[in-house]
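Trainee: Sequence:
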Amino acid sequence: IFLQFVDGSELESAARARQTKTETISAKRGTIYDVNGETLAMSYETDKIYLDPSNVKDENKETIAQKLSEILGIDYQELLDKLKNNTKRFTVATEVEQTKVEQIKTWKNNLKFTTGINFEETNSRTYPHGTLASTVLGFTNADNSGAYGIEYSWDSFLSGTAGKSVSLKDASQSEIANSEKSYIAAENGYDLNLTIDVNIQGIIERELTTAVDEYECDSGITIAMDPSTGKILAMADYPNFDPNNRNTPNSKLAETWDTLSSEEKSTALLRMWTPKAVTDTYAPGSVFKLITSSIGLEENLVKTDTAGEFNCTGYYYINGEEKPIRCWNWRKPHGKQSLRESLEHSCNPAFIELGLRIGAQLSYKYYQAFGLFEKTGISLSGEAIGKFYDLNKINQHELATMSFGEKFTITPIQMISAVAAIANDGVLVQPQLVDKITNTDTGEVTEFKTKEVRQVISKSTADKVKSMMESVVSAGSGYRVAEQAKGFSIGGKTGTSEPTSSASKDGYTASFVAISPVENTKIVLLVILKNPKGTLHNGG
Numbered sequence: 002i003f004l005q006f007v008d009g010s011e012l013e014s015a016a017r018a019r020q021t022k023t024e025t026i027s028a029k030r031g032t033i034y035d036v037n038g039e040t041l042a043m044s045y046e047t048d049k050i051y052l053d054p055s056n057v058k059d060e061n062k063e064t065i066a067q068k069l070s071e072i073l074g075i076d077y078q079e080l081l082d083k084l085k086n087n088t089k090r091f092t093v094a095t096e097v098e099q100t101k102v103e104q105i106k107t108w109k110n111n112l113k114f115t116t117g118i119n120f121e122e123t124n125s126r127t128y129p130h131g132t133l134a135s136t137v138l139g140f141t142n143a144d145n146s147g148a149y150g151i152e153y154s155w156d157s158f159l160s161g162t163a164g165k166s167v168s169l170k171d172a173s174q175s176e177i178a179n180s181e182k183s184y185i186a187a188e189n190g191y192d193l194n195l196t197i198d199v200n201i202q203g204i205i206e207r208e209l210t211t212a213v214d215e216y217e218c219d220s221g222i223t224i225a226m227d228p229s230t231g232k233i234l235a236m237a238d239y240p241n242f243d244p245n246n247r248n249t250p251n252s253k254l255a256e257t258w259d260t261l262s263s264e265e266k267s268t269a270l271l272r273m274w275t276p277k278a279v280t281d282t283y284a285p286g287s288v289f290k291l292i293t294s295s296i297g298l299e300e301n302l303v304k305t306d307t308a309g310e311f312n313c314t315g316y317y318y319i320n321g322e323e324k325p326i327r328c329w330n331w332r333k334p335h336g337k338q339s340l341r342e343s344l345e346h347s348c349n350p351a352f353i354e355l356g357l358r359i360g361a362q363l364s365y366k367y368y369q370a371f372g373l374f375e376k377t378g379i380s381l382s383g384e385a386i387g388k389f390y391d392l393n394k395i396n397q398h399e400l401a402t403m404s405f406g407e408k409f410t411i412t413p414i415q416m417i418s419a420v421a422a423i424a425n426d427g428v429l430v431q432p433q434l435v436d437k438i439t440n441t442d443t444g445e446v447t448e449f450k451t452k453e454v455r456q457v458i459s460k461s462t463a464d465k466v467k468s469m470m471e472s473v474v475s476a477g478s479g480y481r482v483a484e485q486a487k488g489f490s491i492g493g494k495t496g497t498s499e500p501t502s503s504a505s506k507d508g509y510t511a512s513f514v515a516i517s518p519v520e521n522t523k524i525v526l527l528v529i530l531k532n533p534k535g536t537l538h539n540g541g
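If you read the sequence shown in this note's numbering, its first letter stands for residue 2, the second for the next number, and so on.
One or more hints might be untrue.
As the list claims (entries may be wrong) - The list that follows gives simulated cross-link-like pairs (lysine-lysine, DSSO-like), each with its CA atoms no further than 30 Å apart:
#1 K106 x K89
#2 K450 x K534
#3 K437 x K408
#4 K467 x K487
#5 K452 x K506
#6 K68 x K83
#7 K113 x K49
#8 K333 x K109
#9 K467 x K506
#10 K106 x K85
#11 K376 x K437
#12 K460 x K523
#13 K506 x K337
#14 K523 x K506
#15 K337 x K437
#16 K388 x K366
#17 K266 x K523
#18 K487 x K452
#19 K58 x K68
#20 K376 x K388
#21 K467 x K376
#22 K523 x K304
#23 K83 x K58
#24 K83 x K49
#25 K450 x K333
#26 K333 x K376
#27 K366 x K333
#28 K304 x K408
#29 K366 x K376
#30 K408 x K450
#31 K408 x K534
#32 K506 x K376
#33 K266 x K304
#34 K266 x K487
As the list claims (entries may be wrong) - Label-pair distances were calculated between CB atoms; the ranges are:
#35 T282 x E208: 29 to 39 Å
#36 S55 x R207: 51 to 61 Å
#37 K89 x L4: 41 to 51 Å
#38 R207 x F120: 54 to 64 Å
#39 P500 x E215: 44 to 54 Å
#40 N245 x K333: 24 to 34 Å
Derived by calculation from the structure, the hints in this document are not laboratory data. A quick note: this is a predicted structure, and the numbers were derived from the prediction, not measured. Backbone N, C-alpha and C define an ideal beta-carbon position, used for all residues, glycine too.
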């Protein structure tokens, strides 16, 4: 009576818990492809192995620890200690190959005692191209959830939903035949096709690596974008990393790795994994003169080819300031020049004069329109925004430095998006990294269309700026492009920004932005090199 009526419900619950076997059915994580269907990240089936000490007799623990350590290549004594001291189920190994799983199962089935060994099917992640686009792709955690990059930002689509099966088991933890069983199928993750093209990505990473090494730079960033669609054709960081071995420092980090503390190593790895094209900010330097030119032309404050519109004496004196702002070529002043010639020469005094004509209110109106005060909305987590002066604190000195891209910061993705707006007849579009997603269970495909943000400048103004960019390449500071790419229609702009006083150790930042072809532009390319050593440190 006591067992039936007093302890009955409790005993019933305990019996059900012991007799019920619940197994997780892992969902397969979606595959990530490039725009042409080349696999960039994929999953493969592995097993997790658990041990439940409550189902193992003391006299059998050494045998079990010995066999598992032998097959799995793990430490025998450490496993035995866990088996003796733990009371709850614990993980023995993850990502176990099927051949080893079969070995353990065969050995287990021939025993006459219970081992407490349980298996759980799971999926592991691999990146067939190694370091290619690593900071864009990111990687997954041990539990197969996204940790960085696209893997993290699109985790809700990629991960799917795990299923489970519930059945009755006997004392040896084996399923009871013909017993009732409930089953909930797993929902597999979506496949993603990125806008990135592995061919373009490969070329860009190769050339960026060469440039960083040749000019002894700290690092480099490159983005290639289709201005009419916003699709990112390539996005590269160097140094990068291998997501298959994400905790292994890259070659640059390896140089100082052994001198770092544990905390410094963790910080360095986090930095290594970061997609710096969207998380880093920098002073864009003279590339920003394209924005200043666009504003001046759109507001009819200047024309492209008015002879002698600006006069460079090598210096520009701001009213009330003793120290002038000098031109980079102050020893050989540019003299009288048009806007086109000023852009070709990358003349600071000319753009200071134009910036002062435009004024703070109008400048900020267009900076806002070009998207420089907000995130672009690209589908990578951690996107930063730049830092500008408060509008009510801007005087002539700030206007002067902003006109040629100094004393404020933006992200590389903001910079290329703004130039892409010029290349796209004045229309700003949102940068896009994912081309389409596919429901792997139903086959349904969702394609992402171009998202036009706003018309920033007129097509007429955009055409004038593009024409001047072509002149920069044919007759100005970008002449090396014309020398090395004969027969191609290319426009561009050089940029060299000085380190700020608070971060002088960062050195110069050299950059170049290019469009091709000049008419009906198909690609915008931004290259940034951080802290090039030696005398060559400019964007040319």
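Trainee: Evaluate each hint against the coordinates.
Mentor: Here is what the structure says about each hint:
Restraint check: the Cα-Cα separation between K106 and K89 comes to about 22 Å, which is no more than 30 Å; the hinted pair holds. With a C-alpha separation of about 43 Å, the suggested pair K450 and K534 falls outside the 30 Å cut-off, and the hint is violated. A C-alpha spacing of about 39 Å is found between K437 and K408, which places the hinted pair above 30 Å, so the restraint is violated. Distance restraint check for K467 and K487: the Cα-Cα separation of roughly 18 Å lies within the 30 Å cut-off, and the hinted pair is therefore satisfied.
Of the pairs offered as hints, the one joining K452 and K506 is violated, with about 39 Å between alpha carbons and a cut-off of 30 Å exceeded. Pair hint K68 plus K83 holds up; C-alpha atoms about 15 Å apart against a cutoff of 30 Å. Taking the CA atoms of K113 and K49, the gap is near 23 Å; set against the 30 Å cutoff, the hint holds. Our distance criterion of 30 Å between C-alpha atoms is broken by K333 and K109, whose separation comes to about 85 Å.
Of the supplied pair hints, the one linking K467 and K506 is violated, its CA atoms being roughly 35 Å apart against a limit of 30 Å. Distance check on the hinted pair: K106 and K85 sit about 22 Å apart at the alpha-carbon level, within 30 Å; holds. Our distance criterion of 30 Å between C-alpha atoms is met by K376 and K437, whose separation comes to about 22 Å. Between K460 and K523, the direct Cα distance comes to roughly 16 Å. Compliance with the 30 Å bound is thereby established for this hinted pair.
Proximity of K506 to K337 is assessed by CA-CA distance (about 36 Å); at most 30 Å being required, the pair is judged violated. Proximity of K523 to K506 is assessed by CA-CA distance (about 37 Å); at most 30 Å being required, the pair is judged violated. Our distance criterion of 30 Å between C-alpha atoms is broken by K337 and K437, whose separation comes to about 52 Å. Simply put, K388 and K366 have alpha-carbon atoms about 16 Å apart, close enough for the 30 Å limit, and the pair holds.
For the given pair, K266 sits about 41 Å from K523 by alpha-carbon distance, which is inconsistent with the 30 Å threshold. For the given pair, K487 sits about 34 Å from K452 by alpha-carbon distance, which is inconsistent with the 30 Å threshold. Straight-line distance between C-alpha atoms of K58 and K68 comes to about 16 Å, which keeps the hinted pair within the 30 Å bound. With a CA separation close to 12 Å, the supplied pair K376 and K388 stays within the 30 Å bound.
With a CA separation close to 25 Å, the supplied pair K467 and K376 stays within the 30 Å bound. Among the hinted pairs, K523 with K304 is consistent with the structure: their alpha-carbon atoms are about 26 Å apart, no more than 30 Å. Only pairs whose Cα atoms come within 30 Å are accepted, and K83 paired with K58 is accepted, the gap being roughly 14 Å. For the hint pairing K83 with K49, the CA-to-CA distance comes to about 17 Å; that is within 30 Å, so the pair holds.
For a cut-off of 30 Å, the pair hint linking K450 to K333 is broken: about 50 Å separates their Cα positions. Distance hint between K333 and K376 is unfulfilled; the C-alpha atoms sit about 40 Å from each other, more than 30 Å. At roughly 35 Å between alpha-carbon atoms, K366 and K333 are farther apart than 30 Å, so this suggested pair is violated. Of the supplied pair hints, the one linking K304 and K408 holds, its CA atoms being roughly 27 Å apart against a limit of 30 Å.
For the hint linking K366 to K376, the alpha-carbon distance of about 16 Å falls within 30 Å, and the restraint holds. Of the supplied pair hints, the one linking K408 and K450 is violated, its CA atoms being roughly 36 Å apart against a limit of 30 Å. In summary, the hint linking K408 to K534 is supported, as the alpha carbons are separated by about 22 Å, within the 30 Å threshold. This hinted pair checks out: K506 and K376 have alpha carbons roughly 27 Å apart, not beyond 30 Å.
Note on K266 and K304: the hinted pairing is violated, with a Cα-Cα distance of about 54 Å set against a maximum of 30 Å. At roughly 46 Å between alpha-carbon atoms, K266 and K487 are farther apart than 30 Å, so this suggested pair is violated. Between T282 and E208 the Cβ separation comes to about 24 Å, which falls outside the hinted range of 29 to 39 Å. Between S55 and R207, the C-beta spacing of about 56 Å keeps the proposed range 51 to 61 Å intact.
Checked against the given bound of 41 to 51 Å, the beta carbons of K89 and L4, roughly 28 Å apart, lie outside it. The hint said 54 to 64 Å for the Cβ distance between R207 and F120, and at roughly 43 Å that hint is violated. Distance hint check: the CB atoms of P500 and E215 are about 21 Å apart, inconsistent with the given range 44 to 54 Å. A C-beta distance of roughly 53 Å is found between N245 and K333, which places it outside the suggested range of 24 to 34 Å.
Hint check: violations occur at hints 2, 3, 5, 8, 9, 13, 14, 15, 17, 18, 25, 26, 27, 30, 33, 34, 35, 37, 38, 39, 40; the rest are consistent with the structure.
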